[in-house]
Amino acid sequence: MIETVTFEELVDRHQGEIYAYLLRMVRDDGEAQDLCQDVFLRAYRAFGDLEGAPNFRAWLYRIATNLALNAIRHRRSGERVTGALASVGVTSVDDDHAETLGHRELLGRVEEAIGTLPLKQRVAFTQRRFLGLSYAEIAAATGSTEEGARANVYQAVRKLRTQFSAELNEVGI
Amino acid sequence: MKDLSCDEVMERVPALVIGDLTPLEQQEISLHTAICAECAQEIDACCVLSETLDSLAESESIQARAVAALPGLRDRLLAALPGRAAYDRLDSPVGPLWVVVSERGLCRVAFGGTEEETVEWAGRVGMEPVRDPGAVRPYAEELDEYFAGRRRAFDLPVDLSAVSAFARRVLEATARIPFGRLASYRDIARAIGKPGATRAVGNALGDNPVPIIVPCHRIVRSNGAIGGYTGGLDIKWRLLTLEGASLPVGGQ
Numbered sequence: 002m003i004e005t006v007t008f009e010e011l012v013d014r015h016q017g018e019i020y021a022y023l024l025r026m027v028r029d030d031g032e033a034q035d036l037c038q039d040v041f042l043r044a045y046r047a048f049g050d051l052e053g054a055p056n057f058r059a060w061l062y063r064i065a066t067n068l069a070l071n072a073i074r075h076r077r078s079g080e081r082v083t084g085a086l087a088s089v090g091v092t093s094v095d096d097d098h099a100e101t102l103g104h105r106e107l108l109g110r111v112e113e114a115i116g117t118l119p120l121k122q123r124v125a126f127t128q129r130r131f132l133g134l135s136y137a138e139i140a141a142a143t144g145s146t147e148e149g150a151r152a153n154v155y156q157a158v159r160k161l162r163t164q165f166s167a168e169l170n171e172v173g174i
Numbered sequence: 046m047k048d049l050s051c052d053e054v055m056e057r058v059p060a061l062v063i064g065d066l067t068p069l070e071q072q073e074i075s076l077h078t079a080i081c082a083e084c085a086q087e088i089d090a091c092c093v094l095s096e097t098l099d100s101l102a103e104s105e106s107i108q109a110r111a112v113a114a115l116p117g118l119r120d121r122l123l124a125a126l127p128g129r130a131a132y133d134r135l136d137s138p139v140g141p142l143w144v145v146v147s148e149r150g151l152c153r154v155a156f157g158g159t160e161e162e163t164v165e166w167a168g169r170v171g172m173e174p175v176r177d178p179g180a181v182r183p184y185a186e187e188l189d190e191y192f193a194g195r196r197r198a199f200d201l202p203v204d205l206s207a208v209s210a211f212a213r214r215v216l217e218a219t220a221r222i223p224f225g226r227l228a229s230y231r232d233i234a235r236a237i238g239k240p241g242a243t244r245a246v247g248n249a250l251g252d253n254p255v256p257i258i259v260p261c262h263r264i265v266r267s268n269g270a271i272g273g274y275t276g277g278l279d280i281k282w283r284l285l286t287l288e289g290a291s292l293p294v295g296g297q
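Chains as they are written, first to last, in the working numbering: chain A, 2 to 174; chain B, 46 to 297.
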């Protein structure tokens with residue numbers, strides 16, 4: 002049936018970025034894979050009811066965001082994913098960006114700090130800075146306004162800047 | 046180009062780190078930092094933060110893990126998708142019919158009833174119901190031809206995957222009874238190699254998901270009584286009359 006083919010195209014087009022997004026959010030391959038499957042199952046169920054020409058990308062990010070936030074909220078305290086953290090980004094950045102041990106450490110700590118941002122800020126920041134979504138897309142994906150999305154992203158930056166005040170000035174000199 | 050105050054420069058810091066500033070807006074910051082050491086230091090620090098975020102964004106680890114996981118993920122996802130149950134309501138000489146079609150073929154014909162019942166049925170057999178007249182139309186056309194007396198057998202595929210293996214054998218045997226002919230429950234029991242299973246055959250036919258197309262209306266009692274029918278005996282009589290069957294004289 003036509004819808005099925007189109008849905009498969011949707012999977013082929015967006016599964017990679019949605020998976021990468023979930024991986025950034027939950028930082029665990031197995032959990033991200035389960036969530037990714039759930040995202041597309043939900044999308045499939047709603048697919049037949051979509052009308053007009055929706056922005057599929059923002060729509061998928063919205064589903065992914067809801068599921069990722071649920072997963073993060075339901076994760077029992079003390080059951081934080083460690084280990085996975087060290088392997089995300091930090092170990093494989095190219096030499097230009099990680100000349101010094103200090104910079105490598107900073108990368109790991111900034112990444113960890115992003116993981117502890119308030120969820121709204123973390124979602125908007127990750128979508129904008131790492132995935133390149135527009136503010137309109139972030140607003141659609143998070144059910145907020147463009148102004149709200151922008152405010153969350155900027156607030157996240159201010160927090161990171163404050164948190165790493167000393168380190169950033171040091172490296173910068 | 047505008048002369049910025051220190052406060053205005055600080056206001057632009059998040060946009061700078063995120064990469065939201067236009068070249069002109071960036072130049073305005075440079076113009077200010079050339080003459081303000083304090084802001085210059087702050088902007089330098091923000092550039093370090095921005096570079097750090099670039100490093101994280103370009104993380105090969107995330108990309109590599111995504112690329113490695115994708116093929117398996119795609120197969121797993123497509124295998125987990127529930128079948129699609131395209132359904133629609135048709136009008137017929139024996140009243141409204143709710144017809145459901147899967148990717149594999151016709152899987153349900155219900156006499157009367159409501160849309161909700163059809164949707165519930167799809168859920169029970171693990172399918173996703175979608176009202177889709179286009180997918181049902183070819184079946185509607187064959188049914189129309191049948192009711193108009195222009196068709197004696199149905200050609201489109203039937204999907205019996207939702208019924209048990211036993212019931213499937215009963216229905217397949219029933220589907221071989223020619224147009225206008227009659228058979229008994231016992232005939233079907235014999236045909237599937239279970240001569241003692243007359244009652245089970247009756248039950249399987251009572252649950253026939255695709256009446257008319259699998260012609261359980263052609264099954265009567267071995268004593269000549271018309272037997273039961275899911276859609277009601279009135280419909281059974283009308284179908285047999287339409288087919289010009291020699292009706293059992295024993296009546297009900």
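Since the hints were derived computationally from the structure, they do not count as laboratory data.
Here a beta-carbon is modelled for each residue, glycine too, at the ideal position from N, C-alpha and C.
Among the hints, a few may not be true.
[Unchecked claim] Partial list, computed: chain A residues near chain B (C-beta under 8 angstroms):
1. TRP60
2. LEU70
3. VAL111
4. ARG130
5. VAL154
6. LEU161
[What the hints assert, rightly or not] Partner residues are not named here, just some residues of chain B that face chain A (Cβ under 8 angstroms, in silico):
7. VAL58
8. ALA90
9. LEU123
10. LEU126
11. GLY241
Tested hints:
The interface hint given for TRP60 of chain A is broken, as the beta carbon of that residue sits about 17 angstroms from the closest beta carbon of chain B, more than 8 angstroms. A distance limit of 8 angstroms between C-beta atoms decides the matter here; for LEU70 of chain A the minimum to chain B is near 19 angstroms, and the interface restraint is violated. Contact between VAL111 of chain A and chain B, as hinted, is supported at the beta carbon level, the nearest pair being about 5 angstroms apart and thus within 8 angstroms. Annotation: ARG130 of chain A was flagged as interfacial toward chain B, and the flag holds, the nearest CB pair being 6 angstroms apart, inside 8 angstroms.
A distance limit of 8 angstroms between C-beta atoms decides the matter here; for VAL154 of chain A the minimum to chain B is near 6 angstroms, and the interface restraint holds. For the restraint placing LEU161 of chain A at the interface with chain B, the shortest Cβ-Cβ distance is roughly 6 angstroms, inside the 8 angstroms limit, so the hint holds. The restraint placing VAL58 of chain B at the interface with chain A holds, with a minimum CB-CB distance near 7 angstroms, inside the 8 angstroms limit. Annotation: ALA90 of chain B was flagged as interfacial toward chain A, and the flag holds, the nearest CB pair being 4 angstroms apart, inside 8 angstroms.
A distance limit of 8 angstroms between C-beta atoms decides the matter here; for LEU123 of chain B the minimum to chain A is near 7 angstroms, and the interface restraint holds. Hint status for LEU126 of chain B relative to chain A: holds, with the closest Cβ pair at about 6 angstroms, below 8 angstroms. The interface hint given for GLY241 of chain B is violated, since its Cβ lies 43 angstroms from the closest Cβ of chain A, which is over the 8 angstroms cut-off.
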